[in-house]
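Residue numbering for the sequence shown follows UniProt numbering, starting at 1 and increasing by one per position.
For the record, the hints were derived by calculation from the structure and aren't laboratory data. Some hints could be false.
Below, a list of computed lysine to aspartate or glutamate pairs in the DMTMM-like style, where the Cα atoms sit at most 20 Å apart [said to hold, decoys possible]: (1) 34 x 122; (2) 92 x 122; (3) 58 x 96; (4) 34 x 118; (5) 29 x 124; (6) 147 x 118; (7) 34 x 103.
FRET-style restraints, in silico, Cβ to Cβ [stated by the list, open to error]: (8) 169 x 23: 18 to 28 Å; (9) 169 x 21: 19 to 29 Å; (10) 65 x 121: 22 to 32 Å; (11) 32 x 231: 33 to 43 Å; (12) 65 x 227: 17 to 27 Å; (13) 83 x 21: 39 to 49 Å; (14) 21 x 101: 16 to 26 Å; (15) 4 x 224: 33 to 43 Å; (16) 137 x 159: 12 to 22 Å; (17) 132 x 226: 12 to 22 Å; (18) 137 x 23: 31 to 41 Å.
Note that the Cβ used here is the ideal one computed from N, Cα and C, for glycine as well.
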Amino acid sequence: MSLSFTEEQIKRYSRHIILPEVGGKGQQKLFSAKVFLVGAGGLGSPAAFYLAAAGIGKIGIADNDCVDHSNLQRQILHSTNDVGRSKALSAKETLEALNPDIEVVPYTDRLNSGNIMDIIKDYDVILDGTDNFPTRYLVNDACVFLKKPLSHGSIFRFEGQVTTIIPFEVPVTVVSTKSLPPLASCFVPGGGSPWGIARCDWLYSGNRGSKADSGERRGFEGKIAHVRFPVNGL
Numbered sequence: 001m002s003l004s005f006t007e008e009q010i011k012r013y014s015r016h017i018i019l020p021e022v023g024g025k026g027q028q029k030l031f032s033a034k035v036f037l038v039g040a041g042g043l044g045s046p047a048a049f050y051l052a053a054a055g056i057g058k059i060g061i062a063d064n065d066c067v068d069h070s071n072l073q074r075q076i077l078h079s080t081n082d083v084g085r086s087k088a089l090s091a092k093e094t095l096e097a098l099n100p101d102i103e104v105v106p107y108t109d110r111l112n113s114g115n116i117m118d119i120i121k122d123y124d125v126i127l128d129g130t131d132n133f134p135t136r137y138l139v140n141d142a143c144v145f146l147k148k149p150l151s152h153g154s155i156f157r158f159e160g161q162v163t164t165i166i167p168f169e170v171p172v173t174v175v176s177t178k179s180l181p182p183l184a185s186c187f188v189p190g191g192g193s194p195w196g197i198a199r200c201d202w203l204y205s206g207n208r209g210s211k212a213d214s215g216e217r218r219g220f221e222g223k224i225a226h227v228r229f230p231v232n233g234l
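Model the full assembly from the supplied sequences, consistent with the hints where possible.
Structure below.
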């Protein structure tokens, strides 16, 4: 692999390049990587920031929602001036300002069975940062059909889970149910707790997409990490 960095890129990614486990070759792999993120909210925001800062060459972001004032205390991709704007478009502007080396492709339409396969087919890794069960099942099914690695993060109040699924390579339990579990969203009191979200989102973003793309595929494949932070009140 031919290594070619500008002087500015050497400075920007120097803390990656000096790591023996990453180096110049690993950084080039990150440049070449294409990661698709579903959701630009509380889970997707920190993941997107770290993917962009790491130099992931192409980041697709799907979110059909618009920024609301109630999002701003935890969905750090967006600012007050973004209220009313598409979250996907807001994310693109924020991330490309952070790192001009990358390309961010926004998807403002809601993912469904008719469009998801075509949208994600050219991406290397899929990150699930959604807040509802129907979309999670949809993303999982599409990743199985296309044999795409899927990293999943979830949060409720002060608890979070993270796992990575490699279709047909790691054990997965398929649960058959006639109805979906009740949705616990950010509208539930405590569902949008900033402390719980910040900690679990750090776990979510710090152990997932960029590791797989640099070639280090040892993390949560076939495992589920469950984190709970006891809080007695502020």
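Status of each hint after checking the structure:
The suggested pairing of residue 34 with residue 122 holds, with an alpha-carbon distance near 8 Å, which does not exceed 20 Å. With a C-alpha separation of about 19 Å, the suggested pair residue 92 and residue 122 falls inside the 20 Å cut-off, and the hint holds. Distance hint between residue 58 and residue 96 is fulfilled; the C-alpha atoms sit about 11 Å from each other, no more than 20 Å. Simply put, residue 34 and residue 118 have alpha-carbon atoms about 15 Å apart, close enough for the 20 Å limit, and the pair holds.
Of the pairs offered as hints, the one joining residue 29 and residue 124 holds, with about 11 Å between alpha carbons and a cut-off of 20 Å not exceeded. Simply put, residue 147 and residue 118 have alpha-carbon atoms about 14 Å apart, close enough for the 20 Å limit, and the pair holds. Between the alpha carbons of residue 34 and residue 103 the distance comes to roughly 9 Å, so the proposed pair stays at or under 20 Å and holds. Taken as a hint, the range 18 to 28 Å holds for the pair residue 169 and residue 23, whose Cβ atoms sit roughly 26 Å apart.
Distance hint for residue 169 and residue 21: a CB-CB separation of about 22 Å, consistent with the stated range 19 to 29 Å. Restraint check, residue 65 to residue 121: a C-beta distance of roughly 24 Å satisfies the suggested window 22 to 32 Å. As the Cβ distance of residue 32 to residue 231 is approximately 41 Å, the hint placing it in 33 to 43 Å holds. With their beta carbons about 26 Å apart, residue 65 and residue 227 fall inside the hinted range of 17 to 27 Å.
For the pair residue 83 and residue 21, the supplied restraint of 39 to 49 Å holds, since their beta-carbon distance comes to about 41 Å. Restraint check, residue 21 to residue 101: a C-beta distance of roughly 21 Å satisfies the suggested window 16 to 26 Å. Roughly 40 Å separates the CB atoms of residue 4 and residue 224, a value that falls within the hinted 33 to 43 Å. A beta carbon spacing of about 21 Å between residue 137 and residue 159 agrees with the range 12 to 22 Å that was offered as a hint.
Between residue 132 and residue 226 the C-beta distance comes to about 20 Å, which sits within the given range of 12 to 22 Å. With their beta carbons about 39 Å apart, residue 137 and residue 23 fall inside the hinted range of 31 to 41 Å.
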